[in-house]
Amino acid sequence: MRRRTLLGWLAALGAGRSQAAFPGEQAEHLRALARVVLPSEVDAAAAAAKFVEWVRGYRAGAEMEHGYGFTRLRTKLALPVANYARQLAALGTRPSPDAVSAALEEAKVTDLPRTPDGRHVASDLMAFYFRSSDANDLCYRTAIGRDLCRGLAGSENPPKELRR
Amino acid sequence: MSTFESDVCIVGGGISAAMLALKLTELRPGISVTVIEAGRKLFDIENRMEYRRRSIEYAENPWPGDFIEDQSAKGVISRTMAVGGSALHWGGTCNRFSEEDVRLKSMFGLYTDWPIEWAELEKFYCEAERRLGVSGEPSPHPEDERSQPYPMPAMAMTHNLIELKRWAEKTGIPFQTTPQAKNTQPYDGRAQCIRCNTCSVCPTGARYSPDFTFKRLLERNGFALHDRTLVRKLVLDEQKATIRTAQAVHRDRPDEPLEYRAPVFVLASGYCWSPHLLLGSACSRFPNGLANSSGLVGRYMCGHAFLSAFIEIDAKIYPGMNEQHGLISRQFFRVPTGQPFLRHDLRVWESASGHEPRLRGANGRVLLGDALLADWRERARRGTARIRGYYDVHPDRESSLTLDMSSKNRWGDPMPVIQHKPDAASLAREGAVGEHFHALFERLAKNDNGKVLSTAAGNYWDHPAGGCQMGTDPAASVTDSFGQTHDHENLFVVGSPTLPNAGCTNGTLTFTALTLRSAERIAERFRRTA
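Note that the protein sequences, when read in sequence, are chains X and L. When the first sequence is numbered by numbering that gives the first Met the number 0, its final residue is 163 and no position is left out of the sequence of numbers. When the second sequence is numbered by numbering that gives the first Met the number 0, its final residue is 529 and no position is left out of the sequence of numbers.
It is worth saying that the hints were derived from the structure and are not from the lab. Be careful, since some hints might not be right.
[Claimed, not checked] Cross-link-like lysine to aspartate or glutamate pairs, in silico, EDC-like; alpha carbons within 16 Å at most: (1) Lys49(X) with Glu56(L); (2) Lys49(X) with Asp133(X); (3) Lys73(L) with Glu355(L); (4) Lys75(X) with Asp226(L); (5) Lys214(L) with Asp187(L); (6) Lys315(L) with Glu105(X); (7) Lys315(L) with Asp136(X); (8) Lys232(L) with Glu258(L); (9) Lys214(L) with Asp226(L); (10) Lys169(L) with Glu488(L); (11) Lys75(X) with Asp187(L); (12) Lys164(L) with Glu155(X); (13) Lys315(L) with Glu160(X).
[As the list claims (entries may be wrong)] To spell it out: a stretch of chain L is covered by chain X in this simulated footprint if at least three of its residues, at any positions, have a beta carbon under 8 Å from a beta carbon of chain X; those stretches are: (14) 47-56; (15) 63-74; (16) 153-164; (17) 364-376; (18) 431-442.
[Said to hold, decoys possible] Some chain X residues flagged as far from chain L (calculated, every beta-carbon gap over 10 Å): (19) Arg30; (20) Ala81; (21) Ala88.
Note that beta-carbon positions come from the ideal geometry of N, C-alpha and C, so glycine has one too.
Please model the complete structure; the sequences and the hints are all you need to start from.
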């Protein structure tokens, strides 16, 4: 077995354990953070639960897209779940927008990541939601369903307004 | 050593190999065909919906395992090596070239002519469209006349594309939907497109992929597919200048050499690995590599350059309706009389560029929750069009693929390095091309309160091809128009390597058409000898 493969497996094993335990005793911290960083139109608790599901489903060491135009072979890095725990603890169960903004400044997060990148749990939660098909629908207040398989019929019309 | 014998041995398992093998087994059902592919089979369409989900949610590779770690080339734009090749994850775009592409010398005094008449190529375009299952609409330009209609109606324009077409045509430039190998109705045993917006991993099979053809071929007697098998060298007959064997190694059994014998060998390994194998098969009688008495194997590596822009307009665009489908104008495939040579396609897609969520507002302060959503909604009032033009660049002889002695695979074979270089005429046009495109972007932006958000020039040549250029003169080309090498009568090259130039639009349909034509020539050999 290649050393790189073995190290990848070991890293994935360790990361998998901490991901499975996320958010541990900080579920309320995460829900509180979601209420601050996500729009009020969104069910923050449900969005936080989906983020937890996403973290648990993350596979460190998985191959990344290297298709047309991207020739470098890369694998997914481990999610810094331990950092998430520290960051959530620091923000507490009643984080203020100012505190979250300050934490993002301190973590040098300058823009919304394309996908969660492990720099801060707040920006990762925001990237997870705001980059989603659901958020795209919410922005346009229509059922675009970007990531769904929707059929061709009716696509010549504007997408229907969101039913709330 | 294990030895395998067949009537036709095809090296490489991409779209060209799939089309060639399929047609050969139809034309000559009695012959045996073996396809050897260095990568592995990825025939698990049942998993593709899950791969798609993980690609969307986690940015994971939707084609896991589609590469060989130590088999890489500098200068390639895709690492995919698997049964199906790059066409596993292609977008399915099936534009035709135009007569100008094959008559550059006689029409414009530039570069070279192809050794094939346009009418002949057009016939095989129709066949390629039928076999791949292309949906499309006729071009409005009489020069693009077709002898047969598209096999399927065009993909329906989304609301976004209808808006963008209305806007773009205010310039007086006609646009049409881009023809694609995607089913707008059930076709060839595959499902109708259900607009998943992820054509690079189509979870339903509505977009053509060579793995479907290979699966079908495997049900036929006489067809064999050896995956994970790397052909390292072609070996000549001791007496004649014909290929006797292909020496290979299975990646899981590297200590057991394999040998393939056949009366006909076909290289279908793409623009990189076909010339690479010829150069790597050098021997005392052909010290510069096989099929290389012209010295042109790995020369005239071609592709097209491109310029792109994002233009914001007053239009209600809903990003994500179908980002994979776009518009094309073929107006600039022609060069008006008396005008300097400048050819390109012009493409338009929906885009979210400039209207994506952002963490910081215009004043640099962090936006959270409702403030972020409000900022996003405000900016999303306008729509964005993504514009791109592929333009003609013709390769210099020194536009090359060479062997890089400093980079070797696990067997010690030197890996290739590709360095594109335009010819002097293409280089001299660069300034005019840039001015033309920027004027074109501004012309588009004049309508609907448009604003050019950004422009960019590509830093590589897209849709690469060449390296085994076809031609009539053995001193100035590697193969004839059927891909038969001038030096070895039982060795053919099919697919993108034989293209002298890469035109100004996607090349897959063109080299597939040429491959189908080659199949007829190869099949004739068996009628004569059977």
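Status of the hints after comparison with the structure:
1. Lys49(X) with Glu56(L): Holds, at about 11 Å.
2. Lys49(X) with Asp133(X): holds (12 Å)
3. Lys73(L) with Glu355(L): violated (34 Å)
4. Lys75(X) with Asp226(L): violated (27 Å)
5. Lys214(L) with Asp187(L): The hint holds at about 13 Å.
6. Lys315(L) with Glu105(X): Measuring from Cα to Cα gives roughly 38 Å; hence the hint is violated.
7. Lys315(L) with Asp136(X): holds (14 Å)
8. Lys232(L) with Glu258(L): holds (10 Å)
9. Lys214(L) with Asp226(L): The given pair, whose Cα atoms are some 13 Å apart, holds under the 16 Å limit.
10. Lys169(L) with Glu488(L): Roughly 54 Å between the alpha carbons, so the hint for Lys169(L) and Glu488(L) is violated.
11. Lys75(X) with Asp187(L): Status violated; Cα separation ~38 Å.
12. Lys164(L) with Glu155(X): holds (12 Å)
13. Lys315(L) with Glu160(X): Distance of about 13 Å is within 16 Å: holds.
14. 47-56: holds (count 4)
15. 63-74: Three-residue rule met by the segment 63-74 of chain L, so holds; n is 5.
16. 153-164: Held - the segment 153-164 of chain L has 6 residues with a Cβ nearer than 8 Å to chain X, which meets the minimum of three.
17. 364-376: Held - the segment 364-376 of chain L has 9 residues with a Cβ nearer than 8 Å to chain X, which meets the minimum of three.
18. 431-442: violated (count 0)
19. Arg30: Check passes; 14 Å lies beyond 10 Å.
20. Ala81: The assertion about Ala81(X) holds, with a minimum of 20 Å to chain L.
21. Ala88: Per Cβ check, Ala88(X) is outside 10 Å of chain L; nearest 20 Å; holds.
In summary, the numbered hints that this structure violates are 3, 4, 6, 10, 11, 18.
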